[in-house]
Amino acid sequence: MAVPAVKKQRLSSEDASVKHPDIDKLIQAMAEVRSRTAACRRLAGIAEIESQQKFILDAGAVARGAAMLRGAAGAKGAAVQLLQALGPMARKECVSQPGIAQMLAEVLRDTRVEADARLSAGALLAALLFAFPRLAAAEGAPFAHPAAALLRGGDERGAEVGAKALAALAAVPALRSQIADLGAVPDLARALLLPQAARWAALALCHLAQGDPRLVAPAVDALVALVRRQALALGGEESQCAAAAAAVEALGHLELAKPALQALQLLAEAPEASSDAAEYCRAAAAKVLRKHRENEPEAASAANLAAAVCTQAYTQVCVLLTALVLLFFGTVECAECESHCDFKDFDASPREDADLSFEATSGAELEVQDLEGTEGAPEGLRENLRLAAWLVLLAF
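Just so you know, we're using the working numbering here: the sequence shown kicks off at -11 and counts up by one.
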């Protein structure tokens, strides 16, 4: 089937809702082995017109493109570029295609595919993992290695894609140790120096630190060194300072990152300079520190509230136990008192004929032979204890 040529001119604003006349023909051409690669590339060009993306999706381009991912290297590259050109609108439909994530990972590992197409496959895979956490949790384990390799590749665009994929995978607790075992933490630390990859690298490190903060210690050291270098140089490059500020913003809640906050404070309080880069760096640093300080009172107030609730509960328990003890001793009958004590004919003044004698038994215990007390004294004591107990309960 001959592939129709795509018109060079763009649709006018008046024709924004008009479907491109070649879309249906190109979709049909994607079903034939000999014409599918060229048709796919031409559809990718049409997809650059934003209003045409929906028409291409409605025509079934995602299903045809997913089928091409199982084909030759050229077909794989063309299909990936088309799916990437369709943008966020195609992601939900991509996820519904069986095995789409595994096929994209295969394209990423296939050295026969063009470098740009492989990078597009990695970018699409990272976007799917990030947009659909359930996909990362269910099928993310095989993608950690290619994502780490892409991060380590050295290309700035590849580092951004790899860092984004690792950020999505690191959000899954079961995959954090696997990412650390791959040696990705030092690579993420180096990615903090790259403007486009810094925020994704910082997010990945933040997720890793949630499991075990010690895993990100080398990265935090690199972050501290970066911020201090920016502070000493009074700015340097705007992009690097923005990356440092974004990384501190993501990792600032960690105890390990406190030195980075201190270094950022120096950068924010640096004397004014004439360079725009220095002014930009100070503004970025001040923004991060301001946000961090705004979060601290909230955390402190929550901690104070929790402490106050615990203290109040402890006090109430103590008061209640005290009342119960007083009530118990105010109502219990003292059998020992009744058997050993005679309270008859007792007055408050000492009596001369009182006979107090003690006989030691077993060398340790003393038995009272005769003791006279006040008449009704135990009952009066019990009444007082009961009264005190009720007063405590009323206060409680």
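A few of these clues could be false.
Taking lysine-lysine pairs in the DSBU-like style, the calculated list, with each CA pair at most 30 Å apart, reads [claimed, not checked]:
| no. | residue 1 | residue 2 |
| --- | --- | --- |
| 1 | 246 | 279 |
| 2 | 7 | 80 |
| 3 | 80 | 42 |
| 4 | 80 | 13 |
| 5 | 42 | 13 |
Label pairs and their calculated CB-CB ranges [claimed, not checked]:
| no. | residue 1 | residue 2 | range |
| --- | --- | --- | --- |
| 6 | 87 | 39 | 48 to 54 Å |
| 7 | 121 | 247 | 30 to 36 Å |
| 8 | 119 | 165 | 20 to 26 Å |
| 9 | 6 | 127 | 37 to 43 Å |
| 10 | 83 | 133 | 18 to 24 Å |
| 11 | 198 | 90 | 24 to 30 Å |
Since the hints were made in silico from the structure, they are not lab data. None of the values given here were measured: they were computed from a predicted structure. Ideal placement from N, C-alpha and C gives every residue a C-beta, glycine not left out.
Compare the structure with the hints numbered earlier in the document and write down the numbers of the violated ones, lowest to highest.
-> 6
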